[in-house]
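Next come the chains, spelled out residue by residue.
Protein chains: 2
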Amino acid sequence: MKILEGMMVSDLKYFNSTEGSVYHGLRNGDGGFDRFGEVYFSTVNCDSIKAWKLHKEMILNLIVPIGKVRFHFLDDRSDSKTFNHHFGIELSQTPYQRLTVPPGIWFGFKGIDSGINMICNVASIPHDPEEMVRKKMDQIYFDWNE
Amino acid sequence: MKILEGMMVSDLKYFNSTEGSVYHGLRNGDGGFDRFGEVYFSTVNCDSIKAWKLHKEMILNLIVPIGKVRFHFLDDRSDSKTFNHHFGIELSQTPYQRLTVPPGIWFGFKGIDSGINMICNVASIPHDPEEMVRKKMDQIYFDWNE
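Line by line, the protein sequences give chains A and B. Throughout, the numbering used here is defined as the position within the first sequence, counted from one, plus 270. Throughout, the numbering used here is defined as the position within the second sequence, counted from one, plus 270.
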């Protein structure tokens, strides 16, 4: 399954000590950084699915510093080389990676770990309900158990 | 115990659903936002203490979306109205608050919850070892059990 045009996976570092750990997220100047709009956190319970959303303007930078989350994407950009293609990826700490998602892509995600599954999104614009579109789960077919 | 000059506590919102939760962090334009340098995450084990650090340039925006963390601060700015004053605060989700910390203040923190204690720092500059100073735990007296 090929990554969608304009999406990017970046390897991230983390450091453990006896007191705890430090996990990198996103730096100004990193690949995938456009501008800073907002940081927020989403948790998703094990086996729960949040789908589908599409941002018309926001660039997402998704990081999962706790737990494991399965993401699925569908390219809705008619001028994209990967128009109508699907892409799926699991984000966790092994490997620890950041996923950059350009606007115009439907996405949903599912909690995989039995504990806390936490996503941090470093978004290029602040939350704006006008630039987000939703579809109901069954409006885009995907077998989350496949 | 009075807050130190230039520090700020901001109330944050979160939203629960059956699938999970969404926790606000920091938006461009919020009080306490100066510029975007880096987002990173630190975890601290229960009863573990990480102390002391001082940033000479970085403005910190500290958020604890998971667990509970006790922070303690000592003002090292000779031109500050609260020079040599101490300040302590616990950050968690109840109440859910963001703490803005200007440069020139010693800080340390201790994990309080038995599960994961996670701090997100939205920093005004990227990590730079040249602008950070460390002291050993016993170089600043504080009773973490008080």
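Errors might be hidden in some of the hints.
The list makes no distinction among identical chains, and a pair is therefore deemed to hold if it is satisfied within one copy or across any two copies.
[As the list claims (entries may be wrong)] Pairs of lysine to any residue residues, derived as SDA-like cross-links and limited to a Cα-Cα distance of at most 20 Å, are as follows:
id: 1; residue 1: Lys406; residue 2: Thr288
id: 2; residue 1: Lys338; residue 2: Ile386
id: 3; residue 1: Lys338; residue 2: Thr288
id: 4; residue 1: Lys338; residue 2: Ser291
id: 5; residue 1: Lys351; residue 2: Leu282
id: 6; residue 1: Lys326; residue 2: Pro396
id: 7; residue 1: Lys338; residue 2: Val292
id: 8; residue 1: Lys320; residue 2: Thr288
id: 9; residue 1: Lys272; residue 2: Trp414
id: 10; residue 1: Lys320; residue 2: Gly302
id: 11; residue 1: Lys405; residue 2: Gly385
id: 12; residue 1: Lys283; residue 2: Pro396
id: 13; residue 1: Lys406; residue 2: Leu282
id: 14; residue 1: Lys283; residue 2: Asp398
id: 15; residue 1: Lys283; residue 2: Pro372
id: 16; residue 1: Lys338; residue 2: Gly385
I should point out that these hints are in silico values taken from the structure, not numbers from a laboratory.
Results for each hint:
With identical chains, the CA atoms of Lys406 and Thr288 are at most 20 Å apart between copies only, with a shortest distance of 16 Å across copies and 45 Å within one. Taking the shortest Cα distances, Lys338 and Ile386 sit within 20 Å of each other both inside one copy (8 Å) and across copies (15 Å). For a Cα distance limit of 20 Å, the shortest separation of Lys338 from Thr288 across copies, 18 Å, qualifies, whereas the shortest one inside one copy, 23 Å, does not. In the homo-oligomer, the alpha carbons of Lys338 and Ser291 lie at most 20 Å apart both inside one protomer (17 Å) and across protomers (15 Å), since each shortest distance falls under that limit.
In this homomeric assembly, Lys351 and Leu282 never come within 20 Å of each other (Cα to Cα): the closest approach is 27 Å inside a single copy and 40 Å across copies. For the identical chains of this complex, Lys326 and Pro396 are intra-copy neighbours only, at 13 Å inside a copy versus 29 Å across copies, given an alpha-carbon limit of 20 Å. In this homomeric assembly, Lys338 and Val292 come within 20 Å of each other (Cα to Cα) both inside a single copy, at 17 Å, and across copies, at 16 Å. In this assembly of identical chains, the alpha carbons of Lys320 and Thr288 lie at most 20 Å apart only when taken from different copies (10 Å versus 35 Å within one copy).
Proximity of Lys272 and Trp414 under a CA criterion of 20 Å is satisfied intra-copy only: 18 Å inside one chain copy versus 51 Å between copies. Taking CA atoms no more than 20 Å apart as the test, Lys320 paired with Gly302 passes in neither setting, with 24 Å inside one copy and 31 Å between copies. Taking identical chains as interchangeable, the C-alpha atoms of Lys405 and Gly385 are never at most 20 Å apart, the minima being 28 Å within one chain and 35 Å between chains. Proximity of Lys283 to Pro396 under the C-alpha cut-off of 20 Å is restricted to the inter-copy arrangement: shortest distance 14 Å between copies versus 26 Å within a copy.
For the homomeric pair Lys406 and Leu282, neither the shortest alpha-carbon distance inside one copy (33 Å) nor that between copies (29 Å) is at most 20 Å. In the homo-oligomer, the alpha carbons of Lys283 and Asp398 lie at most 20 Å apart only across protomers (16 Å), although the nearest pairing inside one protomer, at 31 Å, exceeds that limit. In the homo-oligomer, the alpha carbons of Lys283 and Pro372 never lie at most 20 Å apart, since the shortest distance is 23 Å inside one protomer and 26 Å across protomers. Proximity of Lys338 to Gly385 under the C-alpha cut-off of 20 Å is found in both arrangements, the shortest distances being 9 Å within a copy and 17 Å between copies.
The earlier numbered hints that this structure contradicts are 5, 10, 11, 13, 15.
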